[in-house]
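Asker: Here the protein sequences line up with chains A and B, keeping their order. Using this note's numbering, you'd call the opening residue of the first sequence number 4 and step up by one each time. Using this note's numbering, you'd call the opening residue of the second sequence number 4 and step up by one each time.
In case anyone wonders, no lab produced these hints; they're calculated from the structure. One or more hints might be untrue.
Identical copies look the same in the list; a pair holds intra-copy or inter-copy alike.
[As the list claims (entries may be wrong)] Simulated pairs of lysine to any residue, SDA-like, Cα-Cα distance not exceeding 25 angstroms:
{"id": "1", "residue 1": "K147", "residue 2": "D181"}
{"id": "2", "residue 1": "K147", "residue 2": "Q18"}
{"id": "3", "residue 1": "K147", "residue 2": "R15"}
{"id": "4", "residue 1": "K159", "residue 2": "D65"}
{"id": "5", "residue 1": "K152", "residue 2": "A118"}
{"id": "6", "residue 1": "K147", "residue 2": "L16"}
{"id": "7", "residue 1": "K152", "residue 2": "Q199"}
{"id": "8", "residue 1": "K24", "residue 2": "N68"}
{"id": "9", "residue 1": "K24", "residue 2": "D67"}
{"id": "10", "residue 1": "K203", "residue 2": "D67"}
There are 2 protein chains.
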Amino acid sequence: MSKKDIHPIFERLLQREDRQKRLGQQSKVLWLTGLSGSGKSTIALTLERMLFENGFFAQVLDGDNIRSGINNNLSFSMEDRQENIRRIAEVSRLYLHSGIIAINCFISPTKAIRAFARDIIGAEDFLEIYINAPLDVCESRDVKGLYQKARRGELKEFTGIDSPYEAPEQPDLEIRTDQATIEEATEMLYRFLLPQIQIKN
Amino acid sequence: MSKKDIHPIFERLLQREDRQKRLGQQSKVLWLTGLSGSGKSTIALTLERMLFENGFFAQVLDGDNIRSGINNNLSFSMEDRQENIRRIAEVSRLYLHSGIIAINCFISPTKAIRAFARDIIGAEDFLEIYINAPLDVCESRDVKGLYQKARRGELKEFTGIDSPYEAPEQPDLEIRTDQATIEEATEMLYRFLLPQIQIKN
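Can you build the whole structure from these sequences, using the hints too?
Answerer: Here it is, written out as structure tokens:
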């Protein structure tokens, strides 16, 4: 191996387009935002499966695989919440450039934090999906018992209780999960997504 | 959507095995370690292309897409070097569980730091590849001019100059890049890898 050889041979570098073509899809990042209990993760995981069964290749990024892994050294301080979202956006960007559809579900409560994520990912590949259910509906679901804890003061700055949620003004799609079943909500998202991920001829 | 609906339906969750089957491969993490200039990135990018042309799906993680993205807020302090490797290992683990072969090229100079990465990824999926060339060969290549800078004292704790490189004692594969062309080195790695990534029937 000579010095000359060691330079990357750029014309042979695998491109995002090559990967997308192989996977038969255009990659995108779906950014699901909404209150805890609004149904983000459930819809994301159902969509991931539906996409797979229809020949697409997607990856859900959520608390389960992110908070327990790459972000396991972050607290819930304001600074760390920003770093949490930054890393998620960067991981999504890696997946995007691997040709894979990333489905992210994180509360991401402020317009600023979602704009920050959009900047990292690139506006042309970022789809903001507002998973909307009224607070009282989310609180009545309380799958993880987090609202109860927040009401008892055991969780500080919990979105919707003692920390605000800023709804997107112009999301790419809004889904009211108090007015739809999981199947309906996922179907709605799938139909919205399809023209965005199909390879154009 | 009722409270009951909101629980993830686990039997329908997409598994690593589903993804591997779709991609026609077993996923692994290849961890290429070696001095700056040993040829890690060149081999990794050539392998990535070769795998793709043979129907596999891999992703190189290197300084170009990691240091400029998810790790762009890390310095070269000892603490940050550890955090650098931790995040790389966590990103690799995400790819691994997405069914994708991750090809990592980072100097990762100490046995401890590589053991740390192996722990995060899981020993059964971690392949340590030692890209070995003598220091004087690497220094004479000096693609990025880093050795010159280090010799002038402009880069501190540069591996091989004023910071030690601990060679792997029992790497899964060792490639001497001073004794092989890029093509030969990549071919060697490909042949080693093939039985590990082919789906067993």
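Asker: What label fits K203 with D67 when the C-alpha limit is 25 angstroms: within, between, both, or neither?
Answerer: So K203 and D67 fail the 25 angstroms test inside a copy (34 angstroms) and across (29 angstroms) alike.
Asker: Could you figure out if K147 and L16 sit no more than 25 angstroms apart (CA to CA) within one copy, between two copies, both or neither?
Answerer: Between copies only: 19 angstroms across chains, 45 angstroms inside a chain, cut-off 25 angstroms.
Asker: Have a look at K147 and D181 and pick one of within, between, both or neither, based on CA distance no larger than 25 angstroms.
Answerer: within (18 angstroms within a copy, 57 angstroms between copies)
Asker: Could you figure out if K24 and N68 sit no more than 25 angstroms apart (CA to CA) within one copy, between two copies, both or neither?
Answerer: between (27 angstroms within a copy, 21 angstroms between copies)
Asker: Given a CA cutoff of 25 angstroms, do K152 and Q199 count as a within-copy pair, a between-copy pair, both, or neither?
Answerer: Cα proximity of K152 and Q199: none, with 40 angstroms in one copy and 47 angstroms across.
Asker: Pop the pair K24 and D67 into one bin, within, between, both or neither, using alpha-carbon distances up to 25 angstroms.
Answerer: between (30 angstroms within a copy, 23 angstroms between copies)
Asker: When no copy is named, should K147 and Q18 be tagged within, between, both, or neither for a Cα gap of at most 25 angstroms?
Answerer: between (41 angstroms within a copy, 23 angstroms between copies)
Asker: For K152 and A118, with the copy left unspecified, which applies at a CA distance of at most 25 angstroms: within, between, both, or neither?
Answerer: So K152 and A118 fail the 25 angstroms test inside a copy (29 angstroms) and across (39 angstroms) alike.
Asker: Cα distance capped at 25 angstroms. Does K147 pair with R15 within a copy, between copies, both, or neither?
Answerer: The answer is between: 20 angstroms across copies meets 25 angstroms, while 49 angstroms in one copy does not.
Asker: First find the shortest C-alpha distance between K159 and D65 inside one copy, then the shortest across copies, and answer within, between, both or neither for a cut-off of 25 angstroms.
Answerer: The answer is within: 21 angstroms in one copy meets 25 angstroms, while 38 angstroms across copies does not.
Of the numbered hints given earlier, the model fails hints 5, 7, 10; all others are met.
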